[in-house]
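Asker: Given these sequences and hints, build the entire structure.
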Amino acid sequence: MSTLNVKQNELRFDLRIVASLVAPGSRVLDLGCGEGDLLKFLRDQKQVSGTGVERTETGVAECVAKGLSVIHGDINEEVRDYPDQAFDYVILSQTLQQVYEPDRLIRSLLRIGKKGIVSFPNFSHWRIRLQLLLTGRAPISPQLPYEWYDTPNIRVITIEDFRAFARKTGFRILREVAVRTPNHEQQGSIINLLPNLLATYGIFLIGKDNQP
Amino acid sequence: MTKVSEYIDHDQHGVSVGIVEKKLFTFAEPPHEMLLESGAKLGPVTIAYETYGELDAGKSNAILVLHALTGDSHVAGYYSPDDPKPGWWDIMVGPGKAIDTDLYFVVCSNILGSCMGSTGPSSINPAANLPYALDFPLVTLGDMVTAQKALLDHLGITRVLSVIGGSLGGMQVLEWTIRYPDMVASAIPLATTTRHSALAIAFNEVARQAIMADPNWNNGDYYAGPKPDLGLALARMIGHITYLSDESMRHKFGRRLQDRMDFSFDFDANFQVESYLHYQGTKFVDRFDANSLLFLTKAADYFDLEYHYGQGSAVAAFAHAKARFLVVSFTSDWLYPTYQSKAMVKAMKKNGLDVSFCEIEAAWGHDAFLLPSERLNTMVKGFLERVYLECQTK
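Order-wise, the sequence lines are chains R and L.
The opening position of the first sequence corresponds to residue 1 in this note's numbering, with each subsequent residue numbered one higher.
The opening position of the second sequence corresponds to residue 1 in this note's numbering, with each subsequent residue numbered one higher.
Heads up, a few of these hints could be off.
Unchecked claim - To give an idea of the interface, some chain L residues facing chain R are shown, with a C-beta separation under 7 Å as derived from the structure:
no., residue
1, 56
2, 60
3, 255
4, 358
5, 361
6, 379
7, 386
8, 391
9, 394
Since the hints were made in silico from the structure, they are not lab data.
If you're wondering where the values come from, they're calculated on a predicted model, not measured in any experiment.
Positions of the beta carbon are idealized from the N, C-alpha and C atoms, including for glycine.
Answerer: Structure (C-alpha cells):
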C-alpha cells in the first residue's frame, strides 16, 4: 500500500488516478466536469485535447475562464450529439450515483468514446456498513456527506455491484483501481486487498465487450 | 439587437482605450462594383471603421468585433476629451479588459446598409447624384461580411484571432465562420440565432410597417423634406420591447406612473413604461435613418444559415466551419431564446467542432449581452487568451 502525496498540484487524489488512466495526447470528454480541474490537469500535463459537460453556470464559466472547452447542459442529453467514437476516453467521475438511467448513459459513453472511465463512492466501505449496522440510520460519510432527504445521490453503488452491472449490461472492465482516501480527499492510497470493504472509491476503465 | 445607448456609461475604473478616430475605406469603384448576393451590383462602397491597439508584426493579433442592428463602428473610447459617452462596448474593449487592446488589434466596421458612415440607402447614389433611398439594393448579412473581408484585406489581415458579436453581430460572426473558415481562428456569437424565428420576423415586419405607414416616408424619398420621424420612433418602440423581458420590465417599470399620482383619463403617457418607450423612440430618430432600418431588418429576416449553406440543415451548414466557438445565450432573451443557441451548438458538436456553450442567468432580456456582466467578461477573456496562446505557439 503506497501513500501518494499530491502536494505538487492540487488535483484531488481520485482524479489523479483517473488522469493516470488517460494516455497522453488523447481526446477526452469529461461528463460533469465541475470547474475543470481534471481537464486542466490533463491539458497541461498530458497534452490532452479535452472538452467537458457541466450543469452549473458557475462551473461552466470557470472552465471557459481557464481556456477549457465546455458545454452547459445535462450530460444525458449532451452525449447524444457527439459522433461515434469522437473521443478516446469519456470520463464519468463521481456522477454515476446521480444518474437516472445508468445503463443507457454507459451505452452512450461507449458509443462516443473508445473507452470510458467511471468512478463512484463505494457504498460498501466498512465504515458505512458499520454505521448502518450500529446506528440503524442512513450512513453519512466524507464521500457521501448528505442526509437522505437532501442528497443528489439517487443510487447506492458498490464496487461489487459495478462488476455485476458490467456483466449484465455487457461491457468490459479493462482496469479497476480501488482507492482509500483516509483523511483528506487530496491524499490517498491504492487498495489491492479486499477493495469492496476497504476502498472509499472505485475507479474503472471500461470498454465495449468485443473490444480487445 | 441594438446599440442601447441608454446603458452606455463611463468605465467605473476610468480605464479606456482613449481618444479614437472613425476612418473610412472605399472600394468597389466602378467598373469593379461589388456583386451582391441578390445579383445586383453596388459601387463605390464605403465602410466606416475604427481600430484599437496595435497590429503585431506577424499581423496575427487581430480581433473583429461586429455590431448589432443599429450600432456603429464606435466600440470603445472617446472621439474627443469632452465626448460625453464612450463607444457602445467600452466595458468589454480596452486596455486590460476582456478584449484587451494591450494584446489585441481590435477592428470594428459599420455594416453595409447602415447610416453610421458606411454606404447605405441615405448615401449619395453617384449615378443620380441623389440619395439611393429605395434604389439601394437589398443587401444581405453575407454582403455585409464580404465588405468586412474587403476591409481586412485592405488592412493586410489574412486571419483573425476571433470574430465577436451579439444579436445581428452574432449572425455576422456565424456567417464569417462559414463564408471564410480559414480566416477565423475562433468565434464568439452572443445572444444570436442561425435564422430568425417567425416571432422575430413578425416584430420586424410591424416595425417596417410603422415606418412605411408614415406619410412622410413617401416611398423612401424623404431626404429633401420632412422625415418619417413618427414611424421610425414607433418602429424603435416596438424593437425596444423585444430587447427587454417580462421580468426586466416588471423590475424597471412595473405599473408605476410617470410624474403623477393618478391616471389622467386621456391618452397621455401615464405609465413609466409608456414614457420610457416614447423617450427611446424620440431619441432614436435623431441618430438613425428610417430606410436603413427597413433594409437592415429585412437583411436580418432573410438571414438563414441552414438554407444558404446546408440545404436546410444546420449540421450541413456548420460542416464548412473550422473555428473554435464560444456560444453564449441569456435566460430571459425571448428574441433569440436559448433553444436557438443550443441548436447551433448541437450542429457544431455533430461536426466535431471545438465548442463551448454557456447560458447566462440574466433578467434583462435580449439586452443582457450589452450590460456589464462579470461572468461574460471572464469567459471572453479566458477564451481569447487561450486562442491567442495557441496561435502564438503554432
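Asker: It remains to establish, for every hint, whether it holds in the given structure.
Answerer: Each hint tested on the structure:
Because the closest C-beta pair between residue 56 of chain L and chain R is about 20 Å apart, greater than 7 Å, the hint is violated. Annotation: interface hint on residue 60 of chain L violated; nearest CB of chain R at approximately 18 Å, more than 7 Å. With 7 Å as the threshold, the beta carbon of residue 255 of chain L stays out of range of chain R, its nearest partner Cβ sitting at about 31 Å, so the hint is violated. Restraint check, residue 358 of chain L versus chain R: the minimum CB separation of about 5 Å is within 7 Å; hint holds.
Hint on residue 361 of chain L holds. Least Cβ distance to chain R is approximately 6 Å, under the 7 Å limit. With a cut of 7 Å, the hint placing residue 379 of chain L at the interface with chain R holds, because the nearest CB-to-CB distance is about 4 Å. This hint holds: residue 386 of chain L has a C-beta 3 Å from the nearest C-beta of chain R, less than the 7 Å allowed. With 7 Å as the threshold, the beta carbon of residue 391 of chain L stays out of range of chain R, its nearest partner Cβ sitting at about 13 Å, so the hint is violated.
The restraint placing residue 394 of chain L at the interface with chain R is violated, with a minimum CB-CB distance near 14 Å, outside the 7 Å limit.
Checked against the numbered hints above, the structure violates hints 1, 2, 3, 8 and 9; every other hint is satisfied.
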